[in-house]
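Per this note's numbering, the sequence shown starts with residue 470, numbered consecutively.
Keep in mind the hints are simulated off the structure, nothing from the lab. Computed from a prediction, not measured in an experiment: that's the story for all the values here. One or more of the hints may lead you astray.
[To be verified] Below, simulated DMTMM-like cross-link-like pairs (lysine to aspartate or glutamate); rule was C-alpha separation at most 20 Å, straight line:
#	residue 1	residue 2
1	Lys493	Asp538
2	Lys665	Glu710
3	Lys506	Asp538
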Amino acid sequence: MKLLVTNDDGINSIFLHELISALKHAGHEPFVVAPTKEQSWTGASKTRGRPVKSAAVDRGFNCPTWIVDGTPSDCVNIAIAHLLPGKMDGVISGINVGFNCSLGFILASGTVAGAWEGALHGLPAIAVSQDVSEEIYYQLKDHGGQPEGELLATLKTSAAHAARLAGELLPATPPRSFIVHNLNFPDPCRSDTPVKVTVPAHFFVPGLFTPADDESRHTLIWTQGEDVSPADPLTDLKCVESGWISHTTLDYRKLGHL
470 MKLLVTNDDG INSIFLHELI SALKHAGHEP FVVAPTKEQS WTGASKTRGR
520 PVKSAAVDRG FNCPTWIVDG TPSDCVNIAI AHLLPGKMDG VISGINVGFN
570 CSLGFILASG TVAGAWEGAL HGLPAIAVSQ DVSEEIYYQL KDHGGQPEGE
620 LLATLKTSAA HAARLAGELL PATPPRSFIV HNLNFPDPCR SDTPVKVTVP
670 AHFFVPGLFT PADDESRHTL IWTQGEDVSP ADPLTDLKCV ESGWISHTTL
720 DYRKLGHL
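Take the sequences, apply the hints, and build the full model.
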C-alpha cells in the first residue's frame, strides 16, 4: 500500500525510522511527512498564527520525505493537499515514544491526532505507540537518548507488528468512516505477543503541571493518575500492563451518539 507516515516526536526520532524500515520490508510504499521537531501533547491542533513551512529532505529513508514546521495535523493536512503525488491507501502515525492509552492521553496525543487528520480526509488510519518506562521516556524525550539493547529489540519487533497489522487493518477499514485504529505495544514486545481488542481506559490525570517557580512558570510533569475503568471489557491500559498488544478501534461517529 501507499502510506502517508507521520509522527509527533519529529523527523529525527529513531522510533519513526524503525517504522519506516518495517513498512518497506513488508512491501509497503511509505511517503513521510513529519514535524521538524517534537510536537508531543499537541492533540489535533493546527498552526494558525503564522505560515507553516514545508521542505523536501533526504533522511536516508529511500522514500519521498518532507518536513513541516508544525503539528502532526498540519503535516497530514498539508501533505494530502499539496505534497503527495497521488492518493494514499492509508495514514500511519508513530511510533510514539510512550503509550497513548486511556481517554486523556488519546485526546491529547499528537500521534493519534496525526492519524485522526487522515481519517478526516476519508482515509483509513492507524496510530502506533510504544510503552517505555518513565525513566527511559525522559531519557529519550528530554535528553536525546537512543534506544539500545532490549528496548531496541522491542522497538524493531513492534515496528514489524505495526507493518503487518497495517496490511490487515487498513484494507478492512471502509473509506470515509472516521475510524482510527489505536495500537499500543508493551515493553517487552515479542514476535509471539498476542493482540487483544480493547477499549480506552477511564483514567484521571490531574495536576500535570508543577507549582509556579520564581518566574511564575509551570512545567509539565507526569503524575500518578487514577484508573476508574470498569472490570470489563479489557482496557488499553490493562492490556499493555499485562504484556499484550492493545488494539482499540476509535470510531469517532459514536461521539454523542444516542
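Tested hints:
no.	hint	verdict
1	Lys493 <-> Asp538	violated (25 Å)
2	Lys665 <-> Glu710	holds (12 Å)
3	Lys506 <-> Asp538	holds (7 Å)
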